[in-house]
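Following the hints, put chain H in place on chain E, whose structure we already have.
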Amino acid sequence: MKPLTPVAPATRVTLGIAFFVLFVAVWAIATLGGFVPKTFLADPITMVKSGYTLIAEMGFLKDIGMTVWRVLGGFIIAALIALPLGVLMGAYKPIEAFFEPFVSFARYLPASAFIPLLILWAGIGEAQKLSVIFIGSFFQLVLMIAVAVGNTRRDLVEAAYTLGASDSSLVKRVLIPGAAPEIAEILRMVLGWAWTYVIVAELIGASSGIGHMITDSQALLATDQIIFGIIVIGLIGLVSDLLFKRVNRQLFPWAALGK
Amino acid sequence: MANILSVRGISRTFEVAGRAPTVALQATDLDVAENDFITILGPSGCGKSTLLRIVAGLDKQSSGEVLLDGKRIDGPGADRGMVFQSYTLFPWLTVRDNVCFGLRERGLPRQQQLEIADAFLHKVGLRGFESHYPKQLSGGMQQRTALARALANNPRILLMDEPFGALDHQTRELMQELLLGIWESEKKTVLFVTHDIDEAVFMGSRVMVMSARPGRIKLDRAVPIPHPRHYSLKTTPVFAELKAELTEQVRAEVIASQNATTTAS
Numbered sequence: 000m001k002p003l004t005p006v007a008p009a010t011r012v013t014l015g016i017a018f019f020v021l022f023v024a025v026w027a028i029a030t031l032g033g034f035v036p037k038t039f040l041a042d043p044i045t046m047v048k049s050g051y052t053l054i055a056e057m058g059f060l061k062d063i064g065m066t067v068w069r070v071l072g073g074f075i076i077a078a079l080i081a082l083p084l085g086v087l088m089g090a091y092k093p094i095e096a097f098f099e100p101f102v103s104f105a106r107y108l109p110a111s112a113f114i115p116l117l118i119l120w121a122g123i124g125e126a127q128k129l130s131v132i133f134i135g136s137f138f139q140l141v142l143m144i145a146v147a148v149g150n151t152r153r154d155l156v157e158a159a160y161t162l163g164a165s166d167s168s169l170v171k172r173v174l175i176p177g178a179a180p181e182i183a184e185i186l187r188m189v190l191g192w193a194w195t196y197v198i199v200a201e202l203i204g205a206s207s208g209i210g211h212m213i214t215d216s217q218a219l220l221a222t223d224q225i226i227f228g229i230i231v232i233g234l235i236g237l238v239s240d241l242l243f244k245r246v247n248r249q250l251f252p253w254a255a256l257g258k
Numbered sequence: 000m001a002n003i004l005s006v007r008g009i010s011r012t013f014e015v016a017g018r019a020p021t022v023a024l025q026a027t028d029l030d031v032a033e034n035d036f037i038t039i040l041g042p043s044g045c046g047k048s049t050l051l052r053i054v055a056g057l058d059k060q061s062s063g064e065v066l067l068d069g070k071r072i073d074g075p076g077a078d079r080g081m082v083f084q085s086y087t088l089f090p091w092l093t094v095r096d097n098v099c100f101g102l103r104e105r106g107l108p109r110q111q112q113l114e115i116a117d118a119f120l121h122k123v124g125l126r127g128f129e130s131h132y133p134k135q136l137s138g139g140m141q142q143r144t145a146l147a148r149a150l151a152n153n154p155r156i157l158l159m160d161e162p163f164g165a166l167d168h169q170t171r172e173l174m175q176e177l178l179l180g181i182w183e184s185e186k187k188t189v190l191f192v193t194h195d196i197d198e199a200v201f202m203g204s205r206v207m208v209m210s211a212r213p214g215r216i217k218l219d220r221a222v223p224i225p226h227p228r229h230y231s232l233k234t235t236p237v238f239a240e241l242k243a244e245l246t247e248q249v250r251a252e253v254i255a256s257q258n259a260t261t262t263a264s
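In order, the protein sequence lines correspond to chains E and H.
No gaps in the numbering here: position 115 of the first sequence is 114 in numbering that gives the first Met the number 0, and each next residue is one more.
No gaps in the numbering here: position 172 of the second sequence is 171 in numbering that gives the first Met the number 0, and each next residue is one more.
The hints are simulated quantities; they were obtained by calculation from the structure and are not laboratory data.
Quick reminder that beta carbons are idealized off the backbone N, C-alpha and C, glycines included.
It cannot be assumed that every hint is accurate.
Unchecked claim - With beta-carbon atoms standing in for the labels, derived distance ranges: (1) Ala243(H) <-> Leu250(E): 19 to 29 Å; (2) Ala19(H) <-> Lys92(E): 26 to 36 Å; (3) Lys171(E) <-> Ala19(H): 37 to 47 Å; (4) Ala112(E) <-> Ala19(H): 33 to 43 Å; (5) Ser168(E) <-> Glu185(H): 49 to 59 Å; (6) Gly127(H) <-> Lys244(E): 29 to 39 Å; (7) Ser61(H) <-> Pro93(E): 22 to 32 Å; (8) Tyr230(H) <-> Ser165(E): 55 to 65 Å; (9) Arg109(H) <-> Lys244(E): 29 to 39 Å; (10) Ser165(E) <-> Glu64(H): 35 to 45 Å.
To be verified - Straight-line distance between alpha carbons at most 35 Å, and here's what the computed DSBU-like set of lysine-lysine pairs gives: (11) Lys134(H) <-> Lys244(E); (12) Lys122(H) <-> Lys70(H); (13) Lys233(H) <-> Lys171(E); (14) Lys70(H) <-> Lys134(H); (15) Lys171(E) <-> Lys134(H); (16) Lys92(E) <-> Lys217(H); (17) Lys92(E) <-> Lys233(H); (18) Lys1(E) <-> Lys171(E); (19) Lys70(H) <-> Lys59(H); (20) Lys171(E) <-> Lys70(H); (21) Lys1(E) <-> Lys134(H).
One chain only, chain E, in its complex shape:
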């Protein structure tokens, strides 16, 4: 193998799928072959069966819907505030100097540690779940967007000025469009992190959602259901990631050129 040599698209897909197959095979051998006791790890077949039961008889689709709604709700609120703030911080250095130290501090605060406080403040309803997602993604978004905007090539800024751009149109016509593909990538990444927070939020004080189902299953030692829940999260993450990538490529065809 030569370093950095690209692979053909078809090979790429085959290789990607091959590892999934290998992973499931190892799992099947370990469980069906009797190497791991059933109490600790359910086998793939039981997992699929109980997954079917969950969806067909126990309304698990509603749980999935709830979780997706919470992730998207919290994430969209965070993004709507983080986008303008991040752009302002990236473009205007006094604004950055004002917010940046606090945001840097706040982004290291673990969102899951806020759950007890949030339950106290917001109860165990939806507001609390959305708040966890918000705290988990907002500060990361702000900081990363500010850096993306602030990294605009200085020679492009100078070129815009010599073409008669005003300060406000420099932000609108150079800083924002130039950073847009990177901002889209940041949104994609942080949405992935948001998924990890929602499950934690649902493990405590929830009556619906994938995390809630997992907690319920824990009490019954139903490892098959727990694994099914985890896999569903993984699949949703994978799909949303692919969608995001595709949309980004559609929106910013120029960004992929020359790479």
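Only chain H this time, still in chain E's reference frame:
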């Protein structure tokens, strides 16, 4: 002819914390008349780009003033078009929209923007590439787009900071002819910084040589070759004579600047 640009006692000193300030540019005077094509030659680090950037409004002088049509310059503006050495097309805009950038900024109707942009793209030989993105173009084509973008704004003066410096030799020679042709037909005024002596003589109606740091204009020569110019004149005696003189002048400055570096370090 009236001066359109007057540089009056411009100097630039860079403050470095904990060290003596560096004088990049000594008090410099320069008058540019309508339809002049002035090329500025000098060793690297002599302040020729600094001078151009101050005229463009991208750098602030430490003293002196720059007047454009008698009005003091304070910051960049569309009346001074600039072409940079680095590729500065906006990568998210097509070639056509890059050329429209300044026109849109002025609030021209879209239809008029497109007419002007396409006319200039045609002039620089990029018809058929209007919908390409900059990354799909060669370096020479990108610089031609940058030239069209600057010209589309109809600036009073065109400032060029080694615009062909990153191009290969053959492309560079073609670009020189292209620019010269446009200058001759559009009656533009150009201030062109380069370290290529051939380029300076071939293109300039006046050639200036700057001294080693701290920079100042030490020589100002009219080029006694009529326009329009053909590339074949690069082998004529007049050309060779002027080139020889300028080579001596520039060489002396390069040596001076190297000696200065050696004694400093």
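Evaluated hints:
Checked against the given bound of 19 to 29 Å, the beta carbons of Ala243(H) and Leu250(E), roughly 57 Å apart, lie outside it. Range check, Ala19(H) to Lys92(E): Cβ separation about 29 Å, and the 26 to 36 Å hint holds. Checking the proposed 37 to 47 Å range against Lys171(E) and Ala19(H) shows it holds: the Cβ atoms sit about 42 Å from each other. Taken as a hint, the range 33 to 43 Å is violated for the pair Ala112(E) and Ala19(H), whose Cβ atoms sit roughly 54 Å apart.
Distance hint check: the CB atoms of Ser168(E) and Glu185(H) are about 27 Å apart, inconsistent with the given range 49 to 59 Å. Restraint check, Gly127(H) to Lys244(E): a C-beta distance of roughly 32 Å satisfies the suggested window 29 to 39 Å. At about 25 Å, the beta-carbon gap between Ser61(H) and Pro93(E) stays in the expected band of 22 to 32 Å. Range check, Tyr230(H) to Ser165(E): Cβ separation about 41 Å, and the 55 to 65 Å hint is violated.
Distance hint check: the CB atoms of Arg109(H) and Lys244(E) are about 32 Å apart, consistent with the given range 29 to 39 Å. Between Ser165(E) and Glu64(H) the beta carbon distance is about 23 Å. The supplied range of 35 to 45 Å is therefore violated. Only pairs whose Cα atoms come within 35 Å are accepted, and Lys134(H) paired with Lys244(E) is accepted, the gap being roughly 21 Å. A threshold of 35 Å between alpha carbons decides the hint, and for Lys122(H) with Lys70(H) the separation of about 31 Å falls inside it, so the pair holds.
In summary, the hint linking Lys233(H) to Lys171(E) is not supported, as the alpha carbons are separated by about 46 Å, beyond the 35 Å threshold. The suggested pairing of Lys70(H) with Lys134(H) is violated, with an alpha-carbon distance near 38 Å, which exceeds 35 Å. Only pairs whose Cα atoms come within 35 Å are accepted, and Lys171(E) paired with Lys134(H) is accepted, the gap being roughly 22 Å. Taken as a hint, the Lys92(E) and Lys217(H) pair is broken in the structure, with Cα atoms around 41 Å apart against an allowance of 35 Å.
This hinted pair does not check out: Lys92(E) and Lys233(H) have alpha carbons roughly 51 Å apart, beyond 35 Å. With a C-alpha separation of about 43 Å, the suggested pairing of Lys1(E) with Lys171(E) is violated against the 35 Å cut-off. Of the pairs offered as hints, the one joining Lys70(H) and Lys59(H) holds, with about 16 Å between alpha carbons and a cut-off of 35 Å not exceeded. The hinted pair formed by Lys171(E) and Lys70(H) meets the criterion: a straight-line CA distance of about 29 Å does not exceed 35 Å.
Taking the CA atoms of Lys1(E) and Lys134(H), the gap is near 26 Å; set against the 35 Å cutoff, the hint holds.
Of the numbered hints given earlier, the model fails hints 1, 4, 5, 8, 10, 13, 14, 16, 17 and 18; all others are met.
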